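Residue numbers (my numbering), protein chains in the order written: chain W, 1 to 427; chain G, 1001 to 1180.
Quick caveat, the hints were computed from the structure, so don't treat them as lab data. Because the structure is a prediction, the values reported are computed rather than measured. Glycine included, every Cβ here is placed at the ideal spot set by N, Cα and C. Among the hints, a few may not be true.
[To be verified] Per the computed footprint, the stretches of chain G lying under chain W, defined by three or more beta-carbons under 8 Å from a beta-carbon of chain W, are: (1) 1030-1040; (2) 1087-1101; (3) 1122-1128.
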Amino acid sequence: MPEVKVLTRHFGAPGVTGLEGYRRVGGYRGLEKALRVGPEAVAAEVKASGLRGRGGAAFPTATKWSFLPQGVFPRYLCVNADESEPGCFKDRVLLEEMPHQLIEGAMIAAFALQVSHAFIYIRGEYRRQRELLERAVREAYSAHLCGPSVLGGEWGCELIVHGGAGAYICGEETALLDSLEGRRGQPRLKPPFPAVKGLYGQPTVVNNVETLSNLPYIVVEGGAAYAALGTEGSPGSRLFCVSGHVQSPGTFEVAMGKTTFRELIELAGGVRPGHHFKAMQPGGGSMQILGPQHLDLALDFKAVSDAGSSLGAGALVVMDETTCLVDVSMRLVDFYRHESCGKCVPCREGTYFESELMHRLEAGLATEAELGTLPDVCRAMDGRCFCPLGDTATWFVMSAYRMFPEEFHSHCGAGACPVRSALGAAA
Amino acid sequence: MADSGPGAAEAPPLGRETLARIRRSKQLYPWASSAILPSLWAVQEELGYLTPAALLAVAEELGLEPSEVEAVATFYSMYFRHRAGEHLIQVCRNVSCGLRGADELLRHLERALGVEDGGTTEDGAFTLEGTVECLGACGGAPMMQVDRISYENLDAAAADAVLEQVRSGAPRGRRSRARA
Chain W
1 MPEVKVLTRH FGAPGVTGLE GYRRVGGYRG LEKALRVGPE AVAAEVKASG LRGRGGAAFP
61 TATKWSFLPQ GVFPRYLCVN ADESEPGCFK DRVLLEEMPH QLIEGAMIAA FALQVSHAFI
121 YIRGEYRRQR ELLERAVREA YSAHLCGPSV LGGEWGCELI VHGGAGAYIC GEETALLDSL
181 EGRRGQPRLK PPFPAVKGLY GQPTVVNNVE TLSNLPYIVV EGGAAYAALG TEGSPGSRLF
241 CVSGHVQSPG TFEVAMGKTT FRELIELAGG VRPGHHFKAM QPGGGSMQIL GPQHLDLALD
301 FKAVSDAGSS LGAGALVVMD ETTCLVDVSM RLVDFYRHES CGKCVPCREG TYFESELMHR
361 LEAGLATEAE LGTLPDVCRA MDGRCFCPLG DTATWFVMSA YRMFPEEFHS HCGAGACPVR
421 SALGAAA
Chain G
1001 MADSGPGAAE APPLGRETLA RIRRSKQLYP WASSAILPSL WAVQEELGYL TPAALLAVAE
1061 ELGLEPSEVE AVATFYSMYF RHRAGEHLIQ VCRNVSCGLR GADELLRHLE RALGVEDGGT
1121 TEDGAFTLEG TVECLGACGG APMMQVDRIS YENLDAAAAD AVLEQVRSGA PRGRRSRARA
């Protein structure tokens, strides 16, 4: 069985969404131990765990922490719960099933970094999850697990839940900081990086929900034990969201580096009956397409990168032979057009152009000459936008065009989507 | 608030409870501007949308320029500047939902409600939106949110049942959860 249980091992335990139930499964022992061993020892365990950020960029967490300049206070911790990547719903599951696991992880990080204010930025659409989280935070305050004196000691930290209001871009860490300061959520120029000059101009760490939810295990069991679940290059376990044309979509926690895409798809019940695999998007809406030739690749940072894509935010979208990749590309570029913050020209204009083109192509109205402009537009965007939103708005469509060029060309002048027509208008 | 001038005789734009929420938010953060988003949520929950007078009142409470508040109010897609229907229905049509029938779900809702994507029913009960961010329910596709509560694994009959429940004002049952 490729499944392992770290984040999910107590899912469904009686009352585990509440403080008492969470304590019954050993909850907050990690925070207690952290306070006993001290900030440096916690940071050392996180380093030994090899934990890499689970929000999409996979930056080593201990390294990110180490960039905080010494002796500069106050410092801030921001928990990124602005999960909005298409195909991604793992942070939502973590918030629903184990809100205290996240709170404990956040407080462990806050202690290791010696911050006095931690903020959880949760997307506006997660209304129920926010209510659950706020209830859990109130419980944590009552039990002195956060607040002015944590567990009766000298160190204290406020924990504030802050709701967004509908903006994908706020998942980008500097846009999140601007939004939290009360501005339009637009990305900042880096450097200075948030570690040096972040929230309110002070040193700041932004970590994802899943990243922090791993910390109680890492502190209690040790960084080495966590790392050993996976491989050297891809340590630990990870929660993957599997959706699309599989029988049982859902989230599955598996060992990194030791599990293949094929095994992950099998965990989700395999491709729906009577159909066969065509392609997949391994890391959410932003990542490049992979084909049948990649099914036996391991969920390994390097292996997937060598294949020209990325594990991104841990969302695997599976597509069977009924899928039109022009249609999928159109939906994705529409999304980026809708979510472009408008700050930089290549993204604002480029996503508009991509979207207009893909709508004409999907309708069978575009000419070969129009399709020929796609690579030029994408070249003018990729690597030339202010933040990754505009870059990634080109990755799926260009990789799909390269892998399935006939499918794109067959739409030109066809008058209708040829993939749907071939399905006998069943779609 | 100014105690003279043209607006003085009108009802104050915000209720007492909303003002109290705004003041509590202001205390929470090192900078008052951080309280803009929570304040706008409080306003929208009271009034249903953000009126120009309410934006001015928020700016005054937080000690900020009206333009700072308005800049925020116009950026985020979940804030309304016009009255929408009493209930907001949002259908996710991103890739995971699109692969599992979201377009058919939206077409069904358009027929059932007699409105097009983006429209509001004549009785003002429902606004239907089919252009939204991925709503993070890809494991339960296709899905819709009604008033920010998710309903998943929907076919036409299940969607009709939700509409009926909302129309009748019955307490909404167990909300669907992502499959873990």
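Quick one: which hint numbers does this structure break? Sort them smallest to largest.
3
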